[in-house]
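Okay, here's what each chain looks like letter by letter:
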Amino acid sequence: MIEVQALSKRYGAKTAVDAVSFTVQPGKVTGFLGPNGAGKSTTMRMIVGLDSPSAGRVTVNGKPYAQHRAPLREVGALLDAKAVHTKRTAYNHLRAMAATHGIPDSRVKDVIELTGLGPVAKKRVGGFSLGMGQRLGIAAALLGDPHTVILDEPVNGLDPEGVQWVRHLAKGLASEGRTVFLSSHLMSEMALTADHLVVIGRGRIIADAPIQSIIDGQGKARVRVRADRPQDLLGSLAGDGVSSQLLEPELMEITGVDARRVAEVALREQVLVYELTPLHVSLEDAYMQLTQTEVEYHSSTPLAGEPVAAPEGR
Amino acid sequence: MATSTQNAPAQQRPRQNRDDGTGLNFGRVLRSEWIKVTTVPSTVILLACTVVVMVGLAALFAWAMATSAEAIAGSEVPAEFQAPTEGPNSIAGQALTTPSAGLLFGQLLIASLAVVLIASEWATGMIRSTMVAVPKRIPALVAKTVIVALIAFVVGLASALVSYLVAQPILRGQDLDFALTQDGVLASVINTGTFLALVAVISISLGTLLRNTAGGVVTAVGVFFVLPLIVQLISGLADWIPKAARFLPGDAGTQLVMVTTVDGDLTQWEGGLVMTAWALGLLVVALVVTKKRDV
Numbered sequence: 001m002i003e004v005q006a007l008s009k010r011y012g013a014k015t016a017v018d019a020v021s022f023t024v025q026p027g028k029v030t031g032f033l034g035p036n037g038a039g040k041s042t043t044m045r046m047i048v049g050l051d052s053p054s055a056g057r058v059t060v061n062g063k064p065y066a067q068h069r070a071p072l073r074e075v076g077a078l079l080d081a082k083a084v085h086t087k088r089t090a091y092n093h094l095r096a097m098a099a100t101h102g103i104p105d106s107r108v109k110d111v112i113e114l115t116g117l118g119p120v121a122k123k124r125v126g127g128f129s130l131g132m133g134q135r136l137g138i139a140a141a142l143l144g145d146p147h148t149v150i151l152d153e154p155v156n157g158l159d160p161e162g163v164q165w166v167r168h169l170a171k172g173l174a175s176e177g178r179t180v181f182l183s184s185h186l187m188s189e190m191a192l193t194a195d196h197l198v199v200i201g202r203g204r205i206i207a208d209a210p211i212q213s214i215i216d217g218q219g220k221a222r223v224r225v226r227a228d229r230p231q232d233l234l235g236s237l238a239g240d241g242v243s244s245q246l247l248e249p250e251l252m253e254i255t256g257v258d259a260r261r262v263a264e265v266a267l268r269e270q271v272l273v274y275e276l277t278p279l280h281v282s283l284e285d286a287y288m289q290l291t292q293t294e295v296e297y298h299s300s301t302p303l304a305g306e307p308v309a310a311p312e313g314r
Numbered sequence: 315m316a317t318s319t320q321n322a323p324a325q326q327r328p329r330q331n332r333d334d335g336t337g338l339n340f341g342r343v344l345r346s347e348w349i350k351v352t353t354v355p356s357t358v359i360l361l362a363c364t365v366v367v368m369v370g371l372a373a374l375f376a377w378a379m380a381t382s383a384e385a386i387a388g389s390e391v392p393a394e395f396q397a398p399t400e401g402p403n404s405i406a407g408q409a410l411t412t413p414s415a416g417l418l419f420g421q422l423l424i425a426s427l428a429v430v431l432i433a434s435e436w437a438t439g440m441i442r443s444t445m446v447a448v449p450k451r452i453p454a455l456v457a458k459t460v461i462v463a464l465i466a467f468v469v470g471l472a473s474a475l476v477s478y479l480v481a482q483p484i485l486r487g488q489d490l491d492f493a494l495t496q497d498g499v500l501a502s503v504i505n506t507g508t509f510l511a512l513v514a515v516i517s518i519s520l521g522t523l524l525r526n527t528a529g530g531v532v533t534a535v536g537v538f539f540v541l542p543l544i545v546q547l548i549s550g551l552a553d554w555i556p557k558a559a560r561f562l563p564g565d566a567g568t569q570l571v572m573v574t575t576v577d578g579d580l581t582q583w584e585g586g587l588v589m590t591a592w593a594l595g596l597l598v599v600a601l602v603v604t605k606k607r608d609v
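So the sequences go chain by chain: A and B.
Under our numbering, the first residue of the first sequence is numbered 1, with each subsequent residue one higher.
Under our numbering, the first residue of the second sequence is numbered 315, with each subsequent residue one higher.
A hint or two may mislead.
Said to hold, decoys possible - If we take Cβ atoms under 8 Å as the criterion, some of the chain A residues that face chain B in the derived model are:
hint, residue
1, Ala70
2, Lys82
3, His85
4, Arg88
Claimed, not checked - With a Cα cut of at most 30 Å, we get these calculated DSBU-like pairs of lysine-lysine:
hint, chain 1, residue 1, chain 2, residue 2
5, A, Lys82, B, Lys606
6, A, Lys14, A, Lys82
7, A, Lys28, A, Lys63
8, B, Lys605, A, Lys82
9, A, Lys123, A, Lys82
10, A, Lys63, B, Lys450
11, B, Lys450, B, Lys605
12, B, Lys557, A, Lys87
13, A, Lys63, A, Lys14
14, B, Lys605, A, Lys63
15, A, Lys171, A, Lys28
16, A, Lys87, B, Lys605
17, A, Lys109, A, Lys82
18, A, Lys63, A, Lys171
19, B, Lys450, B, Lys606
20, B, Lys606, A, Lys14
21, A, Lys171, A, Lys109
22, A, Lys82, B, Lys557
23, A, Lys82, A, Lys28
24, A, Lys87, A, Lys109
25, A, Lys109, A, Lys28
26, B, Lys606, A, Lys109
27, A, Lys87, A, Lys123
28, A, Lys63, B, Lys557
29, B, Lys450, A, Lys14
30, A, Lys63, A, Lys82
31, A, Lys122, A, Lys109
32, A, Lys109, A, Lys123
33, A, Lys171, A, Lys82
34, A, Lys82, A, Lys122
35, A, Lys87, A, Lys122
36, A, Lys14, B, Lys605
37, B, Lys606, A, Lys63
For the record, the hints were derived by calculation from the structure and aren't laboratory data.
All of these numbers come straight from a predicted model, not from anything done at the bench.
Every residue gets a Cβ at the ideal spot worked out from N, C-alpha and C, and that includes glycine.
Here chain A stands alone, though its shape is the one from the complex (with noise of 0.2 Å):
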């Protein structure tokens, strides 16, 4: 369990993560939104300390990460995939951290099987590609066989196959029990891997709640309709929350009711209906939607050299 409260960091003038809490709870995937320069890597790096706050507290499992007798055992973190000397073999830089914590050689050994390094284990890491460098940054975080998992981009330059290895595996260790904190750039993905999403912008949270939630709460319902008599049936259905756009003089698109509720009303209205199709807000909308207003909203206050919020896309 990672428990992040009222945690800030500035540099200068300039606020990366504006008083910040949040709790990322252990059996499941958390998933750590925000565009660029958002402060999702410098709340992450304060998690593990490499950062220190400028005001606020972090704790992993009860105790700041640095009080744990055995750090690598509490926390599994790849924070960036270069962080690796770049003349060194992967195998040796798996031993390297391992004898830190009296980890012993087999289980190096394991998590080069368990990430698909071994052909290249014995190779300097300053030739790996960007997929085998996230790859042995996994291998990393996974040595201690650690209680919380952080990963940051971890699918960043990996294959369709390590995307959906990834996937799993961040399944797969949330549903033994554990803590996994990872961020990720592609929405969508997101969508098939966490269970939980913490939304940040600008350094601040403005979102974090279950994944499903934040779909439903902020896409509702839409449908588009093409009837004969569109007048008649939207005041059928008008109410609470339904709004709708007028597109043809036949088409339309109404929000805040699912394409049943308007087949029900069409066939007590008489309206004919010939056409009806539930659009799906994705994620990706719902993320957008979120981010929009946060970046709106400041970007109505000039703040000279602040980087431009635009969503991830590397």
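Start from chain A and add chain B according to the hints.
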């Protein structure tokens, strides 16, 4: 897609008894740093260069001593103009310093190695892995310093011993050869290692503070090589300059390997203590800064 990695999570061991004795302690961090130091190619290359350079220079020095002794013996210079035949400035006296003759360049190689070993962690990003594994940070840095200083000591000692052995046949022709048991010789050989160990500690501290390989190497070379040269050039300007210069880390440390010291200079002990003070002072600054700065 039924690849081997696909089923990976299922192979994860269930979390049962986790108190299996794993955990951080200083001995383990030392072992980790030993693995790190010995698994990068720069260590082997620079250490081999250090031995070759130090032994080679010592052999050249011995040859130069033997040649001058021969020239003097063959000339008919009046006694009052002849070089002294005894004491530290005599050829026989100078020949005693043969084991540490290559130190001037050996120190630069060791300084470079020490800077490279720590600064490359920042350059490659490795430092983040190190600091995540050892989040209290200071044990990791102290362990690396201990390992590198130890390696520098052993290499210095070995180079001096080999230099001694290589030089004896060259010196023997002019009866300049000497025994390790002669006054101050063994101490000088051992302190060649001590000096290089202190050079390593200072260089690691500089590399830690600068977090940059090139900057660290340039600064270390500046401290041990350029600074004494500059001081020599300007030492005529004021009386206090040469007096103060005795306390520079390089100058003070050089006294360590002297077989005999001149009145007015620091003794071997004093020189060693002054250089140790520099090394520990810089190390403490490096530790405090590393503890506080973000990685």
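Closest C-beta approach of His85 (chain A) to chain B relative to 8 Å, hint status: 4 Å, holds
Given pair status - Lys606 (chain B), Lys450 (chain B), alpha carbons within 30 Å: At roughly 10 Å apart (the allowed maximum being 30 Å), Lys606 (chain B) and Lys450 (chain B) satisfy the hint.
Proposed proximity, Lys605 (chain B) with Lys450 (chain B) (alpha carbon, max 30 Å): 7 Å, holds
Hint consistency between Lys63 (chain A) and Lys82 (chain A) [alpha-carbon to alpha-carbon, up to 30 Å]: 27 Å, holds
Pairwise hint evaluation, Lys450 (chain B) against Lys63 (chain A), where the allowed Cα distance is 30 Å at most: 14 Å, holds
Given hint Lys28 (chain A) paired with Lys171 (chain A) - CA-CA distance at most 30 Å: Holds, at about 7 Å.
Straight-line alpha-carbon gap Lys557 (chain B) to Lys87 (chain A), limit 30 Å: 45 Å, violated
Holds or violated: Lys109 (chain A) to Lys82 (chain A), with C-alpha atoms at most 30 Å apart: Holds, at roughly 21 Å.
Satisfaction of hint between Lys14 (chain A) and Lys450 (chain B), Cα-Cα up to 30 Å: Holds, because 27 Å separates the two Cα atoms, which is no more than 30 Å.
Holds or violated: Lys605 (chain B) to Lys63 (chain A), with C-alpha atoms at most 30 Å apart: Roughly 19 Å separates the two Cα atoms, so the pair holds.
Satisfaction of hint between Lys109 (chain A) and Lys122 (chain A), Cα-Cα up to 30 Å: It holds: about 12 Å lies between the C-alpha atoms, which stays within 30 Å.
Straight-line alpha-carbon gap Lys82 (chain A) to Lys606 (chain B), limit 30 Å: Holds: Lys82 (chain A) and Lys606 (chain B) sit about 23 Å apart, inside 30 Å.
Consistency with the previously given hints fails for numbers 12, 22, 26, 28, ordered from lowest to highest.
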